[in-house]
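So you can see what is in the structure, the chains are spelled out below.
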Amino acid sequence: MTDTACLLKLYDEKYELEDYQGGVPRWCSGCGDNAILAAVQRLCRDEALRPEKTVFVSGIGCSSRFPHYMRTYGFHGIHGRALPVAEGVRMARPDLHVFVNTGDGDCCSIGAAHWIHAVRYNMHMSVFLHDNQIYGLTKKQASPTSPRGTKSNTTPRGSYLEALNPLTVTLGVQNVSFVAQAVDWMPDVLYEVVRAAFHHKGFSFVRIIQRCPEWLPDQWEPFIKDPKRVLRLDKSGHDARNIDRAREIASKMDPIPVGILYRDPEVPCYEDLRRSPKLRTAELVRTGLESEFDKFTVWPS
Amino acid sequence: MHADFQAQLAFHLTGRKIAEGPQPVAAFEMIPALLARYRDLAALRYDFPLVLAKDGGIHSLSTLVDESLKDQDDKTRKLALKHEREIRAGSAKAWNGPVPLAADGELADCDARLPGRFVAHAWRTLEEKKAAALRESIERLAAKLSDILAADLGRSDEGRSAQTLRASFAGRDDSIDFEALSGLLKRALPARPLPASRRRRIESLLKRLATLDFGPFVFDNCAEALAAYRARLPQLIALSKAIAAARLEAAGEYVEARHDPFFEACGASLLAAEGLADFPGTLVQVDGAELGMAHNAQLAEMLALGMPVKVLAQFDDILHRSPVGRPGFGMRSHAIAGMALGLQGVYVLQCCASSLYELREEVRKGLQFPGAALFSVFSGAGGESGRLPAYLVSAAAAESRAFPAFRYDPAAANGERFSLAGNPQPESDWALRSLDYEDAALQRVREEVAFTLADFAACDGRYAGWFARVPKERANGGMVPVRETLAAPADSPREKVPYVLLADEENRLHKAIVADELVGEARRCLEFWRSLQERVHKKPAVVPQEEKPAAPPPVEQKAPAPAVETEKPARNPDEAYIETPRCSTCEECVKINNRMFLYDANKQAYIADLAAGTYRDLVEAAEACQVSIIHPGKPRDPQEPGLEELVARAEPFL
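For the record, the sequence lines run as chains C and H.
Each residue of the first sequence is one higher than the last, beginning at 0 in numbering that gives the first Met the number 0.
Each residue of the second sequence is one higher than the last, beginning at 0 in numbering that gives the first Met the number 0.
No lab work stands behind these hints, which were simulated from the structure alone.
One or more hints might be untrue.
Here chain H is said to cover these stretches of chain C; the calculated rule only asks that three of the stretch's residues, wherever they fall, bring their Cβ under 8 Å from a Cβ of chain H [stated by the list, open to error]: (1) 18 to 31; (2) 36 to 47; (3) 182 to 188; (4) 210 to 223.
Note that CB positions come from ideal geometry on N, CA and C, so glycine has one too.
Can you make the complete structure from the sequences, with help from the hints?
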């Protein structure tokens with residue numbers, strides 16, 4: 000029994016998609032961010048999340064405009080720092096549903112240190128990595144997840160390094176509890192994955208491969224045209240408790256694995272470990288203040 | 000030869016020995032041949048004794064010793080194993096080995112007390128966790144309500160009086176004029192006290208939240224448990240109402256006009272099993288032998304009520320003969336488990352004490368089940384089995400299907416509710432084991448032997464008269480293992496005499512003929528076992544398939560229902576349509592024509608009005624669509640300019 004659970008539900012609250020739509024998205028036509036936005040708004044509606052109890056946190060980048068388009072609480076943070084902000088929100092307000100929207104540059108480059116430790120802390124939040132493999136907002140520079148050979152403004156002869164794989168990196172961190180992958184062009188799978196991530200208690204990390212029609216228009220075309228080049232994990236009998244197998248699958252990109260790669264609901268959340276056994280009653284606060292005040296001596300005049 | 004067979008057949012059919020016939024078997028003289036190798040249990044390493052750990056866990060001593068011996072040298076290993084043997088033999092009462100064990104607690108051997116200790120230990124552990132969670136939850140609620148009252152006091156005239164303000168500074172600061180401060184605060188923030196009704200409600204809720212009795216509620220008969228539950232129910236209902244109301248109050252969502260009548264009207268219905276499961280539960284430990292008709296009725300009522308009661312029915316003797324009619328082995332335990340199964344919503348676990356450790360996860364699930372649970376356990380400690388330890392008797396009961404293990408979990412998925420896990424070779428009629436022995440020529444012989452109910456009965460001195468030993472020289476081809484007789488139909492002619500293999504104290508092997516009455520009992524046991532197997536293999540009821548939603552019309556369709564992707568409907572390629580469930584909301588089409596293309600309730604595109612645009616709009620949308628799900632069909636208006644070119648461009652998307 001939790002504080003937020005209720006023995007009875009007196010009146011069901013019903014929400015429509017419009018209740019979560021906050022403004023007209025400024026993303027390009029064809030951008031995969033639109034698909035993610037639609038899936039997340041559907042999730043909020045289907046789970047009847049109260050807008051005033053929901054918060055979206057983001058960093059910087061195309062994807063990080065996400066909170067502007069949700070009619071919930073939002074925090075458009077600074078570059079690479081979406082996760083620390085979200086962790087603070089989670090710590091201070093355990094009653095909120097916390098979502099994080101971050102991009103491949105925001106999370107895997109400038110925010111990489113926060114990302115690694117956020118996985119380890121396993122705080123209860125759903126993290127969606129919008130991975131279009133390019134810096135789109137700043138007009139095409141290679142990102143850490145750009146495949147080797149990607150030509151961009153910063154790598155005109157093609158990038159020299161192998162791409163960073165966000166899935167294998169996350170699966171390599173201690174305390175990892177939920178890792179999944181989806182593609183924006185399969186809305187049903189995307190919705191199911193987002194939903195599973197929401198229901199996971201802990202840090203659920205979802206990499207969503209998305210198209211950037213402006214700067215990498217042909218990147219995913221062969222995969223969209225040929226369904227055999229996408230591997231649905233829910234239909235392949237993959238055991239999501241097997242982390243070794245998850246790492247093996249995560250390291251492959253053709254066919255693209257979609258679905259839940261790894262899930263361990265037993266991993267403890269940091270906020271639960273740090274939850275104070277003492278209650279902050281008015282009396283306790285008063286006693287604490289008294290004892291603090293007692294440390295100061297007022298000299299007699 | 001013929002005379003021998005006649006004498007054997009006569010014993011088989013009548014159970015009476017005739018002169019020169021097979022020899023009688025004395026009570027406790029012999030045991031089933033398959034059990035011969037387990038005579039000295041202290042020399043074997045097996046699940047028992049168990050360690051009922053202080054931290055609530057239940058471990059096998061052998062497992063704990065193995066874990067502590069990882070990376071230890073041979074000498075330490077030998078010393079530890081020797082000490083383990085001493086504990087098993089009873090010459091040592093507590094672990095004093097060369098390495099500490101990972102868990103500390105009480106030792107529990109497989110005896111008459113085991114089922115009660117095992118279930119009570121697991122139950123107490125879970126109850127303590129549950130009580131701690133509930134206590135914390137209630138205390139948090141009470142703290143929130145207290146804070147509302149405290150905040151109200153702070154805003155009141157009394158809270159802002161000079162006296163209170165001075166007290167809040169513990170009277171240490173004389174430089175502050177508290178009268179002036181009080182006046183200032185009163186002017187700046189006029190008092191807006193809580194409505195009296197709300198204050199009364201919060202105070203009343205705080206009182207009610209402090210009323211929960213955490214037990215423990217442990218009983219040794221159903222009548223007392225039922226009476227105590229009935230006496231406690233009004234308090235539980237009041238408390239559950241108080242918790243629900245306090246949550247609403249703490250969240251500031253209590254609306255008097257709406258909630259007062261609700262809480263007035265609702266009674267026991269508020270307490271569904273799921274809600275009750277959060278409150279302290281009840282454990283009833285009863286002796287199965289004492290469960291008569293009256294007790295059965297109380298047990299049934301308790302289980303059917305859906306109260307979170309866990310009942311342990313312990314059976315020490317299942318070979319007890321019914322005073323009239325058939326012997327009725329295990330009749331009472333079967334009746335009780337069958338009654339619980341018939342109630343559907345009750346978690347039922349039946350097993351022998353020897354399997355309790357193996358099935359500990361099932362026990363835990365039962366104890367955590369939100370409704371009632373029945374554990375029917377055979378201890379093996381109450382029959383007349385001579386020197387055979389209770390562990391061996393209960394293991395023999397499980398092996399022979401006399402007391403088969405089964406579990407019914409109402410919360411499991413359809414088709415997985417009933418399980419026979421925990422039985423040896425659950426797919427077979429009888430468990431087959433290899434028996435190795437030395438023949439007269441000192442050669443090793445291996446034989447497949449089934450352990451049947453007849454073998455189990457041979458463990459018990461009361462049924463020695465149902466066996467007759469056949470001297471080796473009188474053995475003949477007319478004798479067959481009892482499992483062959485049991486495999487044949489009951490009404491087939493008695494041309495063969497069934498036997499079981501028994502071993503005497505010197506481990507010499509004997510064939511003993513089995514009386515027909517016991518064969519009949521074994522047949523009934525087999526039928527019961529098969530009925531359990533059928534339950535497992537019974538296909539789950541076919542859920543009638545919901546009628547598939549009608550395919551949306553190809554043109555001028557209304558917003559389709561939320562996407563349920565089924566097989567592709569047959570489409571007329573001449574008509575325009577969108578594969579709505581595959582739409583990835585990329586905005587391309589709606590930006591081309593936002594009257595022709597609209598989003599449905601899931602924000603996926605559909606064609607709202609074909610007349611709202613041209614064929615060119617359709618073709619351009621099909622080309623722009625990121626996932627190629629727009630099919631433009633054929634042009635509707637033959638007069639539209641540039642049709643030839645547009646039809647050619649539409650060709651890949653038809």
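Broken hints, by number: none
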